[in-house]
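Novice: Place chain B on chain A using the hints.
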Amino acid sequence: MMSDPLILLAALAVAAAVTYVWRGLGVLLGGRIDPAGPLFEWVGCVAYALLAGLVARMILLPIGPLAAASLEARALAAAVGLGVFLLARRSLLLGLAAGLATLLLMTLR
Amino acid sequence: MGRDGVPVARGAVIRAALREAFGIPGLVLAASYLGFGSLVRETGFPLWFGLASTATGWALPGQVALVELAALGSSLLVIGMAVGLTNARLMPMTVTLLPSLRRPGVGSWRYYAIAHLIAVTSWANGMRETPRLAQEHRFAWFATFAVSLWTITLVSTAAGFFLAGLVPKPVTLALVFLNPLYFLLLFLLDLRPRSKVLALAFGTVLGPVFHWLGGEWGLLATGLVGGTAAFLVNRALPKERPAPPAPVGEAPDDV
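Note that the protein sequences, when read in sequence, are chains A and B.
Number 73 in the working numbering belongs to position 73 of the first sequence; there are no gaps in the numbering.
Take the position in the second sequence, starting the count at 1, then add 1000; the result is the number in the working numbering.
Chain A on its own, in the form it takes in the complex (with noise of 0.2 Å):
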């Protein structure tokens, strides 16, 4: 955990900078690339995964505020949402809402 604000504002400027560079980037080469191209489709296979292992974590293995709420909130949860946004024709508003007001109701008792 960090609490050092220099070290804060030194994650804030590395994130920033490693962030911007992309869009920098891509209004510098602009038509001298292929964005449907092999390098861009890994690049896509690796941002996926690294976000998916993201949510999975934050979900089955929290480190941070969700660790206090239970394994089987945080699944029902999950699957509650997904399910309501799948029968709203893939609403992401309903299915947050849903989602989080199973949650809710799994942590009030």
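Bear in mind the hints are in silico, worked out from the structure with no lab data behind them.
Quick caveat, the model's predicted, so the values are computed rather than measured.
This list has only true hints and no planted wrong ones.
Among the chain B residues that face chain A by a calculated CB cut under 8 Å, a handful are: (1) L1076; (2) F1177; (3) L1181; (4) L1200; (5) F1202; (6) F1210.
Covered by chain B, per the in silico footprint, the following chain A stretches (three or more residues, Cβ under 8 Å): (7) 4-17; (8) 20-30; (9) 39-52; (10) 62-69; (11) 75-81; (12) 88-97.
Every residue, glycine too, gets a C-beta built ideally from N, C-alpha and C.
Specialist: Just chain B, lined up with the frame of chain A:
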């Protein structure tokens, strides 16, 4: 309004962009950044950290990865690599959207500035809406739309942070839970191409395992190993049936 409800006057273009931003796209982003603000507070970070992250990062996946990794006390190297890999998708997004916004005689600094506001929601809507507009109005439409979304996310980050301190604990937990749930649902909005589905599956399995094995390096290893495996498996499998021809910038209705 011109043919097919396409606005022709500059004022009408800007109003149309505002209406779009403060509709469903803004609501969904507001909900997810409310969750981000709560996550920042509940993880023990100050408000300025959350606001600065939203202002300078403005791509939620990288922001959540930053908070989670900083909470683990990860090194700047690990944070830089993981956030950088998460956000590398912004480059092909910028490459595909910019041609629609470009017009002769406009200074290139404007494109470098507007590129900061290219993220999943603004990109998907920009790819769908700007080709319908006259060339001279596209930049104004996108700038208005994206700056509005950016403002909404800053306000929501602060609102989520304060809300987490006011409401009972279970409500705070539910707000924090919006973070993983938002991504989970976002993944399932569009299950194409096949390499994406493989990457999501490998990442889901490897994420918890590598976290258990590797601590701060777990997330990075999940991305590199799971993503590379998905890429290779996809190449080894028989060629995917080409997707039905989609209009450029086709996006699910509510992102």
